Amino acid sequence: MSPGTTETLRTVLAVLLLAVIGVGLIPVVSTAVQFVLVALHSRFNHYRKAAPFFPRVVVLIPAWNEGAVVGASIDRLMQLEYPREALRIYVVDDASTDDTPHVVRDRERLYPGSVRHLRRENGGEGKAHTLNHGLRTALEDDWMQAVLVMDADVIYERDALRKMTRHLADPAVGAVTAYIREGSRDKNYLTRFIAFEYVLGQLAARRAQNVVSAMACLAGGAQLHSRANLEALGGLIDTDTLAEDTITTFETQLHGRRAVFEPHAVVLAEEPQGVDALWRQRLRWARGNLQVTRRYRWLWFRHGKHPGLGRATFALQWFSILVLPLVMVVVPLAFLGLFALDHPLAQVAFRALWISAACLYLFAVVFSLQLDPVVARASWWQALLFPGLLSVAVMVTAFFPGLLEERLPGVFGLQLTPAGHVIWTVVVYLWVSLAMVGAWIARLIEPTRVGRILTPVLVYLVGYGPLQCAVAVDAFYRELRGASTAWEKTEKIGRVLG
Amino acid sequence: MTTPHTGRHVRVTPAGTDPEPRPGPTRPTTAGPLAPAPAPEPDLDLQRELDRDRRLERRLPFQALVAALATALVVLVGRVLS
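Protein chains in written order, with the numbering used here: chain A, 1 to 498; chain B, 1001 to 1082.
These aren't lab readings, by the way, just hints derived from the structure by calculation. Note that the structure is a prediction, hence the values are computed from the model and not measured. Keep in mind that a hint or two might mislead.
[As the list claims (entries may be wrong)] Residues from chain B that face chain A, not an exhaustive set, calculated with beta carbons under 8 Å:
id, residue
1, GLN1047
2, LEU1050
3, ARG1054
4, GLU1057
5, ARG1058
6, ALA1068
[Stated by the list, open to error] Residues on chain A that point at chain B, a partial pick, calculated with CB under 8 Å:
id, residue
7, VAL38
8, ARG166
9, TRP300
10, LEU362
Heads up, the beta-carbon is just placed ideally off N, CA and C, and yes, glycines get one too.
Bound conformation, chain B alone (with noise of 0.2 Å):
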């Protein structure tokens, strides 16, 4: 299916397809007729936004190494004036 945000194919399992089979009884749904979709928005690059994502992770040791260059500095220059 297409989603109204990006106009991009996306992965919808239609219903009933599940590869797993489930137990218990079924019944029609009850929730009564879908709304329509949404103004499409500006488009958004799904897997772009996943990578930028990823990319932002990339960015943890950077971050721990600024933390632990503060802690260094602080502690070095607490010994100075002291």
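Here chain A stands alone, though its shape is the one from the complex (with noise of 0.2 Å):
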């Protein structure tokens, strides 16, 4: 081969690799597009069409097993500021085995005509069935006018059912969500940077879909539909995948009515403290969106479909979710491809993706803690440390070539070899891809005496959105290979905030 061949060949090869590092901006891209719709939310909201109004509301409670909660969670309803006479309760027991019929059937002689206990001798269809056994009652007759669909464990603030039934005065308006905040009395260093996560993924993204007229997803614990709006769904949710929430909000928007996020209503709810249940919960969250993906697929990118949903802005935040494993294993070894070829090219790309990443990640932090102070108070410091201590140190990388590798140990008296150099660069190359290795490993040993110590420390090393990341490969493996959807609950012991 002559050598200008050659060369045409490491050029095309080079070009290549770019374009696969570049497929690394998108998700780059798609926060910051997020972000400044953020900020036009001032101007592009639903407050507009909003006004005080009191539908009466049956709130739905499914419960499994949840006697250490749902007796709480009724109390807290009843005292909301909402007029007595408009809310009824219905907890539907999907034949609990602990003592759930006893609390709830206590609660209904405690509030008499407020609360109902309705029972299914044959439970254990999962979630989706359980809400369905509740909206064929509720809609039985006349009353209702809108439906509160909540979790057993959440705990609604005082004002939270009237910020959100103030939408509904819009008829155009068929669901509302509310800001789920992780509220644990007894907080630990995951539920912490679960805070965070919940700051990010519903009052800036949340935000950001209720100015694009297209929402991904009802809150679980915090979904209220009108009665036109179930009626129109055919009064049944989803039961096929394991995002019944996500389903009813396409739904929702795809029969013509509008999901609006209120950003001021607030539930508190109680999130896991250890890796291997937050891996679970959020395991069924990965693989119903990948279900969700695959069942919506003929409404990606297309604008004709849904003036919302098929808008391109919000398969971009959609996608970027979705895909952002994949990138993360795809673009290091194109780095890694690209540092073989031409090694300072390689620097310019890696500065530069990790450049406009920090910058972004930086002004995402700063511009979230301030949409929730008492998240900023408990978890700025989660916040800052939430790509990972080592990813914090790769951005100080791409930052300052040079002063970790070179000018720090050379304080010491250190200095690496070349060898060392480009172990060094392989490394940080490789980072991210070897961040998620590290949350697996978390997980793996969080049940041993070691675990116990090293995880937290693990998980802080290598940042909690590898860790998501590292989910999202789990998930999309089970659904290749078909794993099993049976719904696996997350256990919850009452330790939401009263």
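These two chains come separately, so use the hints to put the complex back together.
Quick look at the structure:
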């Protein structure tokens, strides 16, 4: 092969690798667009069409062995700043084997006419089936004008429901969701990460979705539907996937009604304190999202199919989260290839990508922490370390080449050998993929005695973001091999602040 | 009707007066008698609450500006120190 041909091949290969690396910019661009939309929520929101409005609401609480939490939830619902005569609570007891029936019947006596115990003797089919049992009962007569679907463990702030119902004053709105805030009394490192994740995923992302009139998901613990909307959906919710809340959200919008996020209606929820419990919960969510993606494959990027959900900005947000794990595997490999081919070019591409990601990360953290000062006070450290301490180190490396591998060791009279320099570069380029492996190891060692100490350290090092991506990889794998989709409940023990 | 918390008049549509006809059979309610309304609480101006939430949303561009300035400052300080 002539030197000219070799050079051409090298150029073509370098361009291809740069194109793959460019894919890494998609999540960066998507996040930037999202935060521009968040700022635009100041003008493009639903408040102009909202008004004080108190429809008669049936609160549906699906419950399977929720004796530890359901009583407090009912008590708090009865303290809502909402007309008592316009509120009824139906607890759908999915054949619980604990003291759930006793607790609910006790509340029935305490709040006569307001609380009702609906028992499914043959339960165990999952949350969607349980909810449908309650929906059928709620739709049996004309009393109900709206249904609030919630989880047994969540606690509504007193003004939350009335802040949600005010959007139903606009008949174009079919469903409203609230801000789920992590609300455990005994917070640990993981619940603090989750608290910040919910600020990003709800207070920021769902405001952006309000702006483009395309809601990705009504939170399972806070879904308010108008009766008209429920009836348009056939009075039942989907039972075929692990993402019944997302399917209901999409169907609401595809039937011509808006789904609105109310950021000032706050609902407190108990979240997992361990990596394994979190993994199992998020695996269910991630697999549900993959199932939703497949079901609505005719919708993505097709504005004509739906003006909101078919919008490119919405699809960009949806897919940038969905394919992020793939990006985290493919882009580092492309860096490695480019490093072998053209080291200086790899260095330029690496710096460009990581500097843009670092700037956006810093911007997102500062912006998001202002959205919820309560979470900001409790979780600012976890917000700063959301991508992981070592990813922050990689960002520093991108900003200041030579700082960590040359100047810092130089202070102690140390110097990297040429081989050490290559190893350092390879590890830095591959870091985001290695971080997912680290997250997987954190889950593996968690049950052991050493793991109880090392797992939090590992999560801080590899980051909460990569942990979520590792779960998503697991979800991809399980969906590809058609693993069972049995509903797995996340254990709740009543740790939410009362 | 009147909310027990505010004493203000609010919209509660009477049963069976929805503008949209509903399919399917209807049966009398089985949920039992209505519970008594709770004791009134301090007055809350619902419209004012709505306006306040709307005003809070107007702070978003300024919060974005603060975030952008903070990011620029960190980058600048970092460059200077390095």
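Hint check:
| no. | hint | in the structure |
| --- | --- | --- |
| 1 | GLN1047 | 6 Å, holds |
| 2 | LEU1050 | 6 Å, holds |
| 3 | ARG1054 | 4 Å, holds |
| 4 | GLU1057 | 5 Å, holds |
| 5 | ARG1058 | 5 Å, holds |
| 6 | ALA1068 | 6 Å, holds |
| 7 | VAL38 | 6 Å, holds |
| 8 | ARG166 | 6 Å, holds |
| 9 | TRP300 | 28 Å, violated |
| 10 | LEU362 | 5 Å, holds |
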